[in-house]
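S.K.: Hints are included, so try docking the two chains, each in its own frame, into the full complex.
Listed below are the residues making up each chain.
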Amino acid sequence: DAGVIQSPRHEVTEMGQEVTLRCKPISGHNSLFWYRQTMMRGLELLIYFNNNVPIDDSGMPEDRFSAKMPNASFSTLKIQPSEPRDSAVYFCASSSLRTTGTFYEQYFGPGTRLTVT
Amino acid sequence: AQSVTQLGSHVSVSEGALVLLRCNYSSSVPPYLFWYVQYPNQGLQLLLKYTTGATLVKGINGFEAEFKKSETSFHLTKPSAHMSDAAEYFCAVSHPANQAGTALIFGKGTTLSVSS
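Going down the list, the protein sequences come from chains A and B.
All letters in the first sequence, in the order written, are residues 1 to 117 by the numbering used here.
All letters in the second sequence, in the order written, are residues 1001 to 1116 by the numbering used here.
One chain only, chain B, in its complex shape (with noise of 0.2 Å):
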């Protein structure tokens, strides 16, 4: 069965200050992998997909994620963070080769806070 763990429910960096938030999966085989961001009031959004091919994505709001087969990790890193990043970001993993279609499992969430 394919689980997400989320290192750390809180996260806390200054403006400016690298942001690393850390997710490792547990799958049978290498899954496609998701973060979504949230933000007050409102429904989730795509940050970044890794589905096959280079490791290094890159998403939205200079985000990026590097999957490592070998330490089973898909972590999030921004290297300057901005006031605007606070919010709540949730790692996802599916299962690529399911016939019937699988859903996202979610991790529990990391909730970043964006200090001045």
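Chain A on its own, in the form it takes in the complex (with noise of 0.2 Å):
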């Protein structure tokens, strides 16, 4: 399997740019999330899809800020517009629902750095 993909990798931009993330996540995963990481806060969630539904937005830091996942294996975060304070590595990551109710582990991909100038 190819494990979770994310594009681009490197992402630089001038501020007030819109930016588009792109993720797609292990074939047969049914949850998607959505983290950012930063020196000053470590890593937070963001948001996070079961079943191609959001679940948890709560993590969204402004309405700046939006995802989407239109199917299963596909799913976007788009920061527009974009400001110098959105720099980070976003990270996308994959798993599986249990019929529990809880997760198998996650699965990440190897991340967006974000430059926001």
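Think of the hints as simulated: they come from the structure by calculation, not from any bench.
Glycine included, every Cβ here is placed at the ideal spot set by N, Cα and C.
Hints should not be assumed to be uniformly reliable.
[Stated by the list, open to error] Among chain A residues calculated to face chain B with C-beta under 10 Å, some are:
1) Glu18
2) Phe33
3) Gln37
4) Arg41
5) Tyr48
6) Cys92
7) Phe108
8) Gly109
9) Val116
[Unchecked claim] List of simulated lysine-lysine pairs, DSSO-like, C-alpha gap at most 27 Å:
10) B:Lys1049 <-> A:Lys24
11) B:Lys1049 <-> B:Lys1108
12) B:Lys1058 <-> B:Lys1108
13) B:Lys1058 <-> B:Lys1069
14) B:Lys1108 <-> A:Lys78
15) B:Lys1049 <-> B:Lys1069
M.R.: The following block contains the structure:
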């Protein structure tokens, strides 16, 4: 299996521009997670989906952030407009939901390093 | 609410020495516990996990961790450090009985440095 795939790996953009990050989960996984990692705040959960439906988006910092999962094999995280404080590494992870309601372990993608100047 | 505390943001050991990375959790019920490792410029990789059963769990690369309910701890150990173990390590917890599904709660991470 190719694992979780994220693109682009690096993104440099100017303040005010729209940024779209992409994620392809592991085939067969039905849960997908978006995380943000910074030196100051560590690893933060932004949003997660079960069966393409957003379950918890309480970690999304502002209305400038939005995420979609149109099908089981693709998700996007969009920032519009971007700001310098959005600079971070964004990780996507996928997992499967057990029948008991909790998850099997999560598998992480390599991340997208975003720099907003 | 669940939380994870990793004691020590940075741990330094000599090659061949014991590695001990500390993790304490807060949870109203016994949680599922995980250790992940992150090498520079890479994503997180699962080292080991505890869900049920034996409280001493073995993972990849010679690491192991013991779930101690009385101490609410899940410390990560390795008898002999190798230079390749230098990385950042994250402890994480999830709630095993949430019908809606529960995402992982991560600790702040501990950076392990190994000197020759």
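S.K.: None of the hints should be skipped; say for each whether it holds.
M.R.: Hint by hint, here is what the structure shows:
no., hint, verdict
1, Glu18, "violated (25 Å)"
2, Phe33, "holds (6 Å)"
3, Gln37, "holds (9 Å)"
4, Arg41, "holds (9 Å)"
5, Tyr48, "holds (5 Å)"
6, Cys92, "holds (9 Å)"
7, Phe108, "holds (4 Å)"
8, Gly109, "holds (5 Å)"
9, Val116, "violated (19 Å)"
10, B:Lys1049 <-> A:Lys24, "holds (24 Å)"
11, B:Lys1049 <-> B:Lys1108, "holds (18 Å)"
12, B:Lys1058 <-> B:Lys1108, "holds (22 Å)"
13, B:Lys1058 <-> B:Lys1069, "holds (18 Å)"
14, B:Lys1108 <-> A:Lys78, "holds (25 Å)"
15, B:Lys1049 <-> B:Lys1069, "holds (15 Å)"
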